[in-house]
Every structure is written in structure tokens, then in C-alpha cells.
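Undergrad: Okay, here's what each chain looks like letter by letter:
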Amino acid sequence: MDIFELTIHEMCGMLNTGEVSSVEATRAMLARIESVEPRVGSFITLTPESALAEAEAADRRIASGDAHVLTGIPLALKDIFLTEGILTTCGSRILHNFIPPYSATSWERLRDCGCVLLGKLNQDEFAMGSSNESSAFGVTKNPWDTARIPGGSSGGSAAAIAARQATATLGTDTGGSIRQPASHCGCVGLKPTYGRVSRYGVIAYASSLDQVGPLTRDVTDCAIMLGAVAGYDPKDSTSVKTPVPDYTAALTGDVKGLKIGLPKEYFIAGLDRDVQGSMDRAIETYGRLGAEFVEISLPHTDYAVATYYLIATAEASSNLARYDGVRFGHRSEHAEGLIDMMTKSRSEGFGAEVKRRIMLGTYALSSGYYDAYYVKAQKVRTLIMGDFTRAFENVDVILTPVAPTPAFKIGEKVNDPLQMYLSDIFTIPVNLAGTCAMAVPAGFSASGLPIGLQLIGRPFGEETILRAGHAFEQATEWHMRKAEI
Amino acid sequence: MKITVADVEYVARLARLALSKAETDLFAGQMDAILGYVDKLNELDTADIRPTSHAVPMENAFREDAVNPSIGVEKALANAPDRVDSFYRVPKVIE
Chain S
1 MDIFELTIHE
11 MCGMLNTGEV
21 SSVEATRAML
31 ARIESVEPRV
41 GSFITLTPES
51 ALAEAEAADR
61 RIASGDAHVL
71 TGIPLALKDI
81 FLTEGILTTC
91 GSRILHNFIP
101 PYSATSWERL
111 RDCGCVLLGK
121 LNQDEFAMGS
131 SNESSAFGVT
141 KNPWDTARIP
151 GGSSGGSAAA
161 IAARQATATL
171 GTDTGGSIRQ
181 PASHCGCVGL
191 KPTYGRVSRY
201 GVIAYASSLD
211 QVGPLTRDVT
221 DCAIMLGAVA
231 GYDPKDSTSV
241 KTPVPDYTAA
251 LTGDVKGLKI
261 GLPKEYFIAG
271 LDRDVQGSMD
281 RAIETYGRLG
291 AEFVEISLPH
301 TDYAVATYYL
311 IATAEASSNL
321 ARYDGVRFGH
331 RSEHAEGLID
341 MMTKSRSEGF
351 GAEVKRRIML
361 GTYALSSGYY
371 DAYYVKAQKV
381 RTLIMGDFTR
391 AFENVDVILT
401 PVAPTPAFKI
411 GEKVNDPLQM
421 YLSDIFTIPV
431 NLAGTCAMAV
441 PAGFSASGLP
451 IGLQLIGRPF
461 GEETILRAGH
471 AFEQATEWHM
481 RKAEI
Chain X
1001 MKITVADVEY
1011 VARLARLALS
1021 KAETDLFAGQ
1031 MDAILGYVDK
1041 LNELDTADIR
1051 PTSHAVPMEN
1061 AFREDAVNPS
1071 IGVEKALANA
1081 PDRVDSFYRV
1091 PKVIE
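Chains S and X, in that order, are what the protein sequence lines are.
Going by the working numbering, 250 is the number at position 250 of the first sequence; the sequence numbering is gapless.
So the working numbering is basically just the index in the second sequence, starting at one, shifted up by 1000.
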């Protein structure tokens, strides 16, 4: 097998036996990136020189016997993570020249493990999108079918895994932005419980919903990555002090007696036939493995998208007020006076989707509409959280599709924002409830597009969904298929 | 119509966005459709429901009031579009 095909746990074994060095692995990834990148477009910035220097340091650390499982593993980060000294754009023209003065905690933790950073990955602008089409730096293509979107907003993070341009990646998930691209690109993606991973140094979109998580080739890698980035951070006041377990120890392969909830609101008549077929086969697989099924109801599911697009846009309109051309980022050269400079800098720097969401959020927070829209949505959020709390009284995990259809075509939904928003219908409720969920490869459409299943866990129930996902992966071969690119 | 062109122009001013005529017309239609869709929340009676601002229940998060190094003036100003000495420079505010 080529080095660029390896999982973290496979590469770690070879690094420790000396079968391969981190420098060799990093060179192999950089060569792979060079050969497929023109067809995929996963990256915004490549960092080959610093990557090779980090790989040399990792090889020295491995030789000294002081290695972490991630030492020497070549990774890439969504361009939403601040990386000191390395261009960080968040997919936006307004940050086209922004070199962060400090790093995100999650990247610092990976770097302390000895990881190698290959570069920064493409994404929807400010993580606002489900297709990567809102990036100011070109559309990332789905490696399974380059006429299709990779999903979003962590589209580059998923495409880089599917195209074997990085061994693992980090993304962020506000309404499905890790799980939906993972599903569309046939990889594993986990959104942890809100507060599980520090948001410090992650460019904010909707602060009460944003969460950092890994995208990987398999569930074991996902457990390794989550263990490395999770944990309390005094720099993020919303991160929690709950101890971080050894997530890999949870991968026992045993799901006998596990109670899996099947929410009737997610298995609807309009579901794509191939998606429905994959879910049916997944349920059969879990049945063979000894899991039990409980039909459950999450009665407020149908209100989640509306709730999300009020809360997320309101928080975004506030968070994105900082882009004013004063301290960093784009400043308009055609302005007269301070207010005009701010207005023109923002108008030149933001793309259409970002402007649309700022407008919606500003409207929802404006005088006379605050109670009718924003507070109303916060109240419905309470009802949606209650749905999950009640469901988890009777079940251990909830199994659903990740997305109602496989990856759609580039351009298909770009002129109809509401249709684009509705493609996140199965992932958004999890962010509103603040709990954890993972996408796992579960089949392919008739035309060869990946389909993922979603395992939703209790708050801080990452071990249970990892165990359930791993058991499924052991019983199936979907995660072994590779995109021909 | 829930949203008129005048509404869009008003909100754009609040958000410090200068929209072209084409953008204003486009956003008026799209925001109208989206706000029409979110109206479905009014099907739910939420009179006795408390709003949720945060999914994880938390008390105030305090930490030790310890002095730590900050990033310093040069690093903080390194991305400044315009600067003078240790200050950001902006267009004149007062005539």
C-alpha cells in the first residue's frame, strides 16, 4: 500500500518500527497533493517547508523513544483554525492577507503531539455553507465525482481524506459542517459535545453552536484525534472540565444489548432511495451484532432548520462585526471617512452568503423583531433539546441518515439558499441540543456516491458512539473503498 | 411581502454593508422566502418555555487572576492595514 493511503494507527506502527520515517511519509503526502490537487482543490495554503522541518523533528522524537501516537503524522487543518505565522483566511477575501499572531488550542495540542502540518484546507466562507461553493478561493470538488460538491463547510477537510492528501484533518461543525462533508466524501467525521474541545483560536461563526472535530479514514483514527484535542482549556470559558477518557479503549467491537433509537421523523417518505437502502442495511447489520432497536420520536425535528437559521445568523452578525478594516484583514482603498471605510471594507471583503446571513441575523436582532424571531428561536431550541433528553432516557444512541441525499451537483442549489439550508435537516438538531454525533460510511448510491449514517450520543457520550461506529466498521467494508482520483 | 427593499436598505445600514441595487433586490426576495419559512415556529406555543442561549448548563467560569505575558504591540499591529508608531491609523473621524 502507498504511504498516503495509510491510517494514523497503521502509519504510527510503521514509524515506530522504522519501516518508514515521518520525512518519507510527509514527502509522500506532498507528492500526492501535487498530483491530485488540480482536480480536487482541497487546499488554500500549502506549507511544505515547515512540514518537512516538523517531520525531521518528529523523526528525532521517535528515535528518542518519547513519541505520542500522533508524532510524525501528516495532517491538515480547515482554514478556520488560527496557525501562528501561517496565512489563515477562513475562506474569505476579507482575511486574504491575515497572518495570525497566535495559534488555536486544538492545533497547539496536535503540534505538541508532534504532528506535521501539510497546509490549510478549503472551506465555505466563514463556515457558512453546505457545499464549499461559498469559498472565496474556488470550489473544492468531491473526489468521488468531481462534478459534485464535497459538502460543507469543512469540504476541504473531507475531500483531502477521500483524495488521500492528508492522513487526518480537523474541521468545525456548527450545523453539520463536519458530518455532512464526511458523509458525502465517504469518511468518518465526529462533532463532539459542545464544550468538549476548546474553541480558542477558531474563527467564530455561531459561538453557541460551533465545535471542533476530526475527519479521518476510520473510527480508530477518529478516537485518536479526538483524544488529542479534547479537554478543558482555560482560554475557552465554555470548555468543560469533564475528564477526557481514552477513547480508543472504548472500541471493544461489542454492541450486544446496545439500545439504538430510530427516530420516526428522520425516516420520512421523501428520503432518497439509496440513502434509505443504506440505512435499512445498517439496521440489519446492527441487528446481527446484537443491538436492540427502539422506535422513538423527536417531535420538534421539523422546526430545527428554522430555529438554526435565526440563532446562527444572529450570532454570526454579532461575531462578524469585528471585520471592519481597522486592525487586520482587507481595508477598502476607496473610502471617505471612517464609517465609509468600514462599510466599504466589509462590502468588498464578504461574499454573498456571508452578507445574506449577516443581513438575516441583523434583522432578527433588530428592534421590534428581537422577541418575535431571536427569542422565539431560543425557546424552540429548548424544546428541541428536550426531545433529545427524553429520547436518551430509553436509548443509548440514535441512528439516522447524515443527509437526505448523496452529494448534489456543483451549482445545483447555489441560487436557492433555502433549499441549500434544508440539506442540513438531519445534522442541525444535534448542534442545537449541544450533544455529540458521528458520521460513518454506510454504503454507496447506485451512481457510486458515498452515503453516511449518523450516530447521535448523549452529551459527553463520545465513547458510546465511537464504540457503535467501530463495531459497524468492523462488520462492513464501506470505509475501505477508495475514490479513484 | 414580509421584507421590502426599504427594510433591506435599513438592515444593511445597521450591518455596515453597502449593497448594490441588484444585491438589494436579490436579498429582499431571498430574505422574504427564508423569513416566510421560519414563520413555522409560530405554530408552537412557547409562552411558558424558557429560552436557551447555551446547551451546556454552566455557572460563571472564573480563573485565577494571574498575570500572563500578552502578545505585545508589534505582533498585535503586524496585520494592521495602516499604522503610526504603536497605533492603528484610521481615516479622520472628526472634521
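Think of the hints as simulated: they come from the structure by calculation, not from any bench.
There's no promise every hint is true.
[Stated by the list, open to error] Derived lysine-lysine pairs resembling DSS-like cross-links, with alpha carbons at most 27 Å apart: (1) X/LYS1040 x X/LYS1002; (2) S/LYS409 x S/LYS482; (3) X/LYS1021 x X/LYS1002; (4) X/LYS1021 x S/LYS413; (5) S/LYS235 x X/LYS1075; (6) X/LYS1040 x S/LYS413; (7) X/LYS1040 x S/LYS264; (8) X/LYS1002 x S/LYS413; (9) X/LYS1075 x X/LYS1092.
[What the hints assert, rightly or not] Label pairs and their calculated CB-CB ranges: (10) X/TYR1037 x S/GLU412: 34 to 40 Å; (11) S/PHE293 x X/TYR1037: 51 to 57 Å; (12) X/ARG1013 x S/ARG327: 18 to 24 Å; (13) X/ARG1013 x S/ASP254: 55 to 61 Å; (14) S/GLN419 x X/SER1070: 42 to 48 Å; (15) S/ARG327 x X/PRO1051: 31 to 37 Å; (16) X/PRO1057 x S/SER64: 42 to 48 Å; (17) S/THR242 x X/SER1053: 18 to 24 Å; (18) X/SER1020 x S/ALA321: 46 to 52 Å; (19) X/ASP1032 x S/LYS235: 58 to 64 Å.
Note that the structure is predicted; figures quoted are calculated from it, not measured.
Glycine included, each C-beta is placed from N, C-alpha and C at the ideal position.
Undergrad: I'd like to know which numbered hints this structure contradicts. Please list them from smallest to largest.
TA: Per hint list: 10, 11, 18 and 19 violated.
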